[in-house]
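Hey, can you work out the whole structure from these sequences and the hints?
Spelled out from the first residue to the last, the chains are:
Number of protein chains: 2
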Amino acid sequence: MVRYKAIIAYDGTNFHGFQRQQNARTVQEEIEKTLTKMASKRIEIHGSGRTDAGVHALGQVIHFDFPYPRPLEKMRFGLDTQTPEDIAVIEVEEVDEAFHARYLVKEKTYQFRVQLGKPRSPFTRFYASYFPYDIELAKIERALPDFLGTHDFTSFCASGSSIEDKVRTIYEASVTWKEETQELVFTFRGDGFLYKMIRIMVGTLLKIGNHRMDETSIPAIIAAKDRNLAGPTAHPEGLYLKEVKYD
Amino acid sequence: MVRYKAIIAYDGTNFHGFQRQQNARTVQEEIEKTLTKMASKRIEIHGSGRTDAGVHALGQVIHFDFPYPRPLEKMRFGLDTQTPEDIAVIEVEEVDEAFHARYLVKEKTYQFRVQLGKPRSPFTRFYASYFPYDIELAKIERALPDFLGTHDFTSFCASGSSIEDKVRTIYEASVTWKEETQELVFTFRGDGFLYKMIRIMVGTLLKIGNHRMDETSIPAIIAAKDRNLAGPTAHPEGLYLKEVKYD
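Respectively, the protein sequence lines represent chains E and C.
In terms of numbering that gives the first Met the number 0, the first sequence has 172 at position 173, counting the first letter as 1, and numbering is strictly consecutive.
In terms of numbering that gives the first Met the number 0, the second sequence has 236 at position 237, counting the first letter as 1, and numbering is strictly consecutive.
Identical copies carry no separate label here, and so any pair may be met within one copy or between two of them.
Result set (DSBU-like, lysine-lysine): computed pairs, CA atoms no more than 35 Å apart in a straight line:
#1 K32 / K117
#2 K73 / K138
#3 K73 / K117
#4 K73 / K177
#5 K36 / K117
#6 K224 / K244
It is worth saying that the hints were derived from the structure and are not from the lab.
Dropping the structure here:
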């Protein structure tokens with residue numbers, strides 16, 4: 000057996016998320032079907048983590064064990080062209096059998112796109128969230144650094160999550176304005192993120208930018224460990240898993 | 000009756016083009032259905048010209064006569080929100096009854112996006128053409144100015160077109176390289192374009208950039224008035240009607 004690591008991108012619009020499940024089209028299932036055909040033997044893949052229905056990936060990382068070695072570009076091209084068009088295989092490399100796409104994650108980067116203004120672009124209706132209300136960018140910029148550092152992010156985790164340890168470290172929390180497409184593009188980089196955490200952070204930041212919450216309220220919300228104090232969960236179509244880093 | 004001019008955008012992916020036809024979903028039909036409901040009376044629209052199946056618009060122009068005057072933002076908002084999500088209504092203005100969206104066109108601008116490199120992005124599979132072969136941009140840049148000016152473009156018109164006068168004037172023919180998305184973005188501006196003309200021009204330019212046709216061959220192809228001498232027709236998903244200008 001040879002272990003391969005692959006960097007993949009996918010348009011999440013027509014997937015019920017990354018993780019395999021009964022009676023629903025998922026990214027994991029499509030890639031496993033293709034690899035199983037290529038190897039003539041059941042192959043399972045492991046991703047760096049799940050993504051929800053409608054969430055996209057520019058640089059999701061997976062690993063899998065293949066029964067025999069194959070030239071890397073042949074493996075990449077075979078996987079890329081035999082999976083459906085909404086999955087792209089960007090890079091394949093051979094890794095040590097100790098490598099694990101989920102357990103060894105060091106850092107993840109997500110982006111979140113929000114289109115402002117009217118009308119909603121027909122070209123980004125599946126690729127950016129939409130917020131047609133007043134936004135004061137300076138307020139969002141004032142609030143963003145309060146997410147940095149190591150905190151218990153219980154207030155920014157969807158209720159129902161079974162994960163016990165809700166302490167995460169955020170290294171980057173920033174926003175840029177793209178005039179051409181009238182979009183806010185948020186970037187969040189950290190050692191890991193809780194269930195729906197980025198979508199709740201963005202929902203809260205939009206509430207702040209829209210004057211419905213004070214721009215200094217993030218530290219108190221974090222301290223309270225109460226999901227009810229944070230803002231709403233932003234829609235999945237704006238979210239992109241951009242990069243996963245390992246040691 | 001009050002005449003309105005509207006600027007609209009649409010994602011052409013799920014339309015069989017702009018123009019109304021039997022048993023196929025078209026942009027014209029969707030907008031007419033909405034206007035007819037708004038006016039409780041059959042309303043017809045006129046576009047600046049057709050676009051083919053899969054072709055997009057950032058700034059298509061239409062006009063229509065409405066039985067009574069309505070505040071412009073109300074009209075825009077009503078049309079925008081009551082048409083399906085793949086149509087956006089950007090602007091509505093009241094115009095003189097002499098205005099006609101097709102007959103009075105002075106200038107049209109089209110863009111054409113081509114993604115180069117591997118793999119094909121899952122996010123642009125409906126929004127850019129794909130050319131994964133070698134391209135020498137300098138050759139395309141050398142050939143582009145040969146389209147400028149007034150010429151009989153018979154060689155760049157799909158056979159079967161019923162239009163007799165194939166003389167058109169091109170004011171701008173340019174290309175830029177977008178590093179971030181690995182895309183060539185062509186811009187063509189002229190007093191009008193023949194059936195599939197831009198897609199044939201792009202197909203020919205890609206053949207030149209790929210070393211399969213000399214970069215000085217455009218003038219001879221134009222002079223020959225023979226469609227067989229030009230390159231193939233590029234795919235519709237890369238084409239955008241960007242702007243229509245009137246006197």
